[in-house]
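Student: The lines below spell out each chain.
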Amino acid sequence: MITRFLWNGMSRNLRLFVLLVLAIGIALPLLNQLMPRTSPFYVPAYVLQLVGKYLCYAALALAVDLVWGFCGILSLGHAAFFALGGYCMGMYLMRQIGTRGVYGNPVLPDFMVFLNYKELPWFWHGFDSFWFAAPMIVIVPSALALALGWFAFRSRVTGVYLSIITQAMTYALLLAFFRNDMGFGGNNGMTDFKDILGFSVQSDATRGVLCFASALALAIFLVISAAVVGSRFGKALTAVRDAESRMRFLGYRVEGYKLFVFVLSAAMAGIAGALYVPQVGIINPSEFAPGNSIEAVLWVAVGGRGTLIGPVVGAFIVNWAKTYLTGALPEVWLFALGALFILVTLFLPKGVVGLWGQIKARRAQPA
Amino acid sequence: MNAPRSTSALLYLSGVTVSFDGFKALNNLSLLVEPGEMRAIIGPNGAGKTTMMDVITGKTRPDEGEVVFDGSADLTKLDEADIATLGIGRKFQKPTVFENHTVRDNLLLALAGIRSWYKLLGAAPTRAENDRLAGILSIIRMEEQQHMLGARLSHGQKQWLEIGMLLAQNPKLLLVDEPVAGMTDVETETTAQVLREVNKNHSVVVVEHDMSFVRALGVKVTVLHEGAMLAEGSLDQVSADPRVVEVYLGR
Ligand SMILES: Nc1ncnc2c1ncn2[C@@H]1O[C@H](COP(=O)(O)OP(=O)(O)O)[C@@H](O)[C@H]1O
Ligand SMILES: [Mg+2]
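These protein sequences, in sequence, are chains A and B.
Quick note: the first sequence uses this note's numbering, first residue 19, plus one each step.
Quick note: the second sequence uses this note's numbering, first residue 2, plus one each step.
Some hints could be false.
As the list claims (entries may be wrong) - To give a feel for the contact side, a few chain A residues facing chain B, derived at Cβ under 7 Å:
# : residue
1 : Gly122
2 : Ala244
3 : Gly248
4 : Ser249
5 : Arg250
6 : Phe251
7 : Ala254
8 : Asp260
9 : Arg266
It should be emphasised that the hints constitute simulated quantities derived from the structure, not laboratory data.
The C-beta atom is built at its ideal place from N, Cα and C for all residues, glycine as well.
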């Protein structure tokens, strides 16, 4: 019943897009498993990994767009929520290594043995169980978003000041996670993962399942976001974005609206980060780098702010270009990124998706 | 013409004085609006019309005088939010509709009722709400534009939508400041019809310069001059008053 309600709430374009995302998530792993290696349709494991990674980035972009595009909160710290989700997953994966680590300690991860830890820090307890780690992936980023948003929105911090606060948050976390005595592996972070739920993280089949899981998560986020922004709540949300004081004047307490999307968005980013970590095989403090959050905003701007399809398209375009350019012409990438940003702000205020709409509108007009 | 204090009046101003640095923007002003009445306030620029609105809505505190709403509420003691909740809605001169929302959604957002985010998440507009929307759309004559975005409306249409959004909050008294400024003659005529329609269920105080508009309203007129009431009566009566002629022609 509720799924039907959600499905009916989506536009036709969005439904097709969700199906496309799911189709990619199903087809690529199947082609990898079923096709012989010599077949032109065979999908090598590195493609699964790459697409899986992009799908996680796309989910992060969607999370950013939910707050920025639909509520006007320009968060420059969303990579922090992504990284926190990633660290929760990383802790679970570390505890799965067990005696297979270099030091063979059944309880302590290698970096703790190396740093002379005598016992597991209290906040590591429970992470040996996936069913403990899984809710943490959502709870930890959401709790941080709730705390930050509570203070910021109630004190009516908006615009560039809010952006600076979110940027400061991710920078503070970057510095904190760099410290060895924080108990999260310092600047090396966590790596050398072995299993997830008993399956080897290296195997093609696991990579396929993770790629599918990322596609599924993105599809679910798209459906949830569509339901939220399409509801009466969504109408109020975009009204807050466009004319906050007018909404207060009409009797709306806008803090509640902002806080809800901010927390929802942080939870999505956390799940995306958790799916990302087993696919790339490492999580370290560089994920908190302020530049990462800014890049995520750029994906949204390129794809189309305030649309649901735009951020996904933007994340794929920019990251594909990044993968290509950092391989082919590494010194060019940063300039290309800067140029892209200028081009998009000047010529594509509604992003690639908006451009498509413009072309369609022009076609529809009689010549 | 000082009216005696009456609990039956919807709005009662008596001896209201407001000074800005010694300059009296309102000078011992008295005014009485009956329930269900529509009153037009005219007067030359700087007569104190907007200041009077500010006093009624709690934006400006009077130095002296009484301001009583609905027989008992002392507006000089309440703030803007309280006064709005009591049922006084104000339309400002500059329209501020939600540009990225349709006319209908603008009205839905303004509709008195649910405001909390968690209740709106699952809520569909109820039948009663849809009926209210249909009623307002008909009063402001914008049924055909109901799916048009706010940004695409003409200046006149934005003003009507503003009046509709005010109605959606269901106030007892509407204060409307210079609604036809910048409108074409046809739009001005329509605005007069809209306000007459609004007046069927709400009391209205409308401030306006435009004489043809005031004539089209066909209601009792109060002439303000230098912060005080100069004359009161039908438009024909006040325009025959030599003091009014002098104020308007002597400018
Ligand atoms: N905040 C203020 N400070 C000083 N003078 C003001 C202020 N508001 C209004 N006035 C003066 O009070 C007088 C009445 O203004 P107003 O009520 O806006 O007139 P109206 O709306 O009838 O044109 C004007 O002379 C104006 O300059
Ligand atoms: Mg004025």
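Student: Now, for every hint given, state plainly whether the structure supports it.
Tutor: The hints, checked one at a time:
{"no.": "1", "hint": "Gly122", "verdict": "51 Å, violated"}
{"no.": "2", "hint": "Ala244", "verdict": "13 Å, violated"}
{"no.": "3", "hint": "Gly248", "verdict": "11 Å, violated"}
{"no.": "4", "hint": "Ser249", "verdict": "6 Å, holds"}
{"no.": "5", "hint": "Arg250", "verdict": "4 Å, holds"}
{"no.": "6", "hint": "Phe251", "verdict": "4 Å, holds"}
{"no.": "7", "hint": "Ala254", "verdict": "6 Å, holds"}
{"no.": "8", "hint": "Asp260", "verdict": "6 Å, holds"}
{"no.": "9", "hint": "Arg266", "verdict": "9 Å, violated"}
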